[in-house]
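S.K.: Dock chain B against chain A, hints included.
Sequences listed follow chains A and B, in order. Here the numbering used here = 1-based position in the first sequence + 146. Here the numbering used here = 1-based position in the second sequence + 3.
Keep in mind that the hints were calculated from the coordinates and are not lab data. A portion of the hints provided could be inaccurate.
Claimed, not checked - Chain B side only, calculated, beta carbon under 7 Å to chain A, not exhaustive:
| no. | residue |
| --- | --- |
| 1 | Arg139 |
| 2 | Leu140 |
| 3 | Pro160 |
| 4 | Ile191 |
All residues carry an ideal CB built from backbone N, CA and C; glycine is no exception.
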Amino acid sequence: MNTVTPEVILTDVLNLLNQLARDWEYSGEITSETWLFADLGFESIDAVILASFVQEHYGRPFPFPQLLAEIGEREVKDLRINELVEFICQHSNTDAAGAKA
Amino acid sequence: MSSKVLLIGLDGATFSILDPLMATGVMPVLKDLLASGTRGELESVVPALTPPAWTSLMTGRTPGHHGIFDFLRFEFRPAGRQLRILDAQDVATPTIWSILARHGLRSSVLNFPMTFPVREFSGNVVPGWVPWRHLRLACYPRSLYDRITAAIPGFNPRELAMDMALEERALEGCHGEGDYENLIKLHIRREQQWFEVAAQLMREDPTDLTAVLFDGVDKLQHFCWRFLEDSIFPASPSPFESQVREWCLDYFRAIDSFVGRLIELHGRGNPVFVASDHGFGPTVEVFHVNAWLRENGYLSWADAANVEQKHEETLGMGTMAKRFYEIDWAETTAYCPTPSSNGIYITPPSADGTGVAPERYESFRRELADALLAYRDPATGHAPVARIWTREEVFSGPQMNTAPDLTLILRDAGFVSILPSDRLVKPRVETTGTHRPNGIFAAAGIGIRRGANVTDLSILDVAPALLHALGLPVPRELEGKVPVAVFEPEYLRTRPVTFEAPREEDTLVMAAHSGGSDPRMDAEIMGQLRALGYME
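Extracted from the complex, chain A is given alone in its bound form (with noise of 0.2 Å):
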């Protein structure tokens, strides 16, 4: 598995999000600054499909949980796509080093 950069996976989920918010009643634009949260009005089961449509879009499963469960010590409760973007970034890359050893 070639090592996937945060570039390719920020445009993933730009695309990913950029699909749905057309139903969103959200003028903004989504940037990798964007809270999914406070911006996009998430719900907690939002969380929950978001990372069930990135798993499937990259056919293999994240530790979400550990994200989220990471989140919910902060401060502020919220993740801001940037964070997600290197999330999915660290876990590709680990696991692709992980196969190649």
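M.R.: Chain B in isolation, oriented as in the chain A frame:
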């Protein structure tokens, strides 16, 4: 060649409400349908709850085989305890749609639970229980969403699909006339949209089986039971009571109209089936099962004083998550994680010596069940728990190991509360509606008997009935049977029920779920809910 078949689901529909509505002219289409066909009560599964019951209808299998016991699954893992939201990939047996597909037939499936995510499908799916923000990508095929929005003026995904904010508000109940009006009218608009989607597909892309589920019946009956049931509706109602009842009747008039228009589109004479996943009846009290477990030494809150002070009376997902994380697992041997299936899980042994050892399991479970059955509410002397099922009794099958150890049936057939409480049994301020095991079944059209009232129908029989009406053999492993009393004898003589042996692909579906672990979503969903519940 088979006829096309239409299946209309009415979530929670019961003849105790529908019969008076038909008799008083509120539902003339349903009345005509029943007069021209066959009707009967439909015995649901245990628990009589949306996800397991509709999955049994879709598969012809019991929960012990299909693996869906609740909305969520409580799992003990080496890494910790977790609750996971169940979805289509947790359904461990083939569905009627997949059986049709392998015979070259197509289905359109609208608003059924446990149909998301859709992987491969022969036909169209708009899954139920999907948040509205994600509906576009949840539809199958992906182009379907744009086809629907282009064809239906005023299409509003927020009203068609699940809106957690609305669902949680609904959980909190209706407190004034405005709440009732908003709730009922929302459901009329929602059903209108599901009707429009079904009608559009029937016109533009007719399939061999069209299945559409109207789920507002359940919601209205939960919150508006006292306005619906004739025996408890006041003889001299207040203007408020009369108004709410009239809105409820408007809802049922709308459903009746949609049923009639769907039958017209389907083509009169083609087989139509109507079914509900469970029935409904009144509930008058609340049994706080976790409070009982705590009082009897089975459960401990990690911060008891703080937990006891909260005393929330309502329960959204966030509250459920918080409660889950307030358990002191080292001191807990039995716990009820959700208020929807009345299931108690016994803590298995863990490396640190906590939990119930295998050699103690049977006696522990028996003592717990006996103690629950023996409990009497000191205020009334009544036993709130009427019956307890062990999982071997009701969930026998390859998925039994993921089922609750005990399932409670309450005196009024209601749902337990999992919240802390200083009183273990509380009377409800107002009578509300709750599930009952006896749902409805009706069928009419080619090959269906006219004017018959059939007994001993099981929800497991619906899938075999649909397969037979579509001219297909019934897989031998289905636990339901073709209800031959529903069909005309002459029709059965020319089209006898046939069977087919288990298919290799079906065996593979079941084997994939036999391990009990799903690496795809090995998700500590309650971790997610804990994290996110606090945001809402």
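S.K.: So, for every hint listed, does it hold in this structure?
M.R.: Hints and how they fare:
1. Proximity of Arg139(B) to chain A holds as hinted, the smallest CB-CB distance being about 6 Å (cut-off 7 Å).
2. For the restraint placing Leu140(B) at the interface with chain A, the shortest Cβ-Cβ distance is roughly 6 Å, inside the 7 Å limit, so the hint holds.
3. A hinted interface residue such as Pro160(B) counts as satisfied when its beta carbon comes closer than 7 Å to some beta carbon of chain A; here the least separation is about 5 Å, so the hint holds.
4. Because the beta carbon of Ile191(B) sits about 22 Å from the nearest beta carbon in chain A, more than 7 Å, this interface hint is broken.
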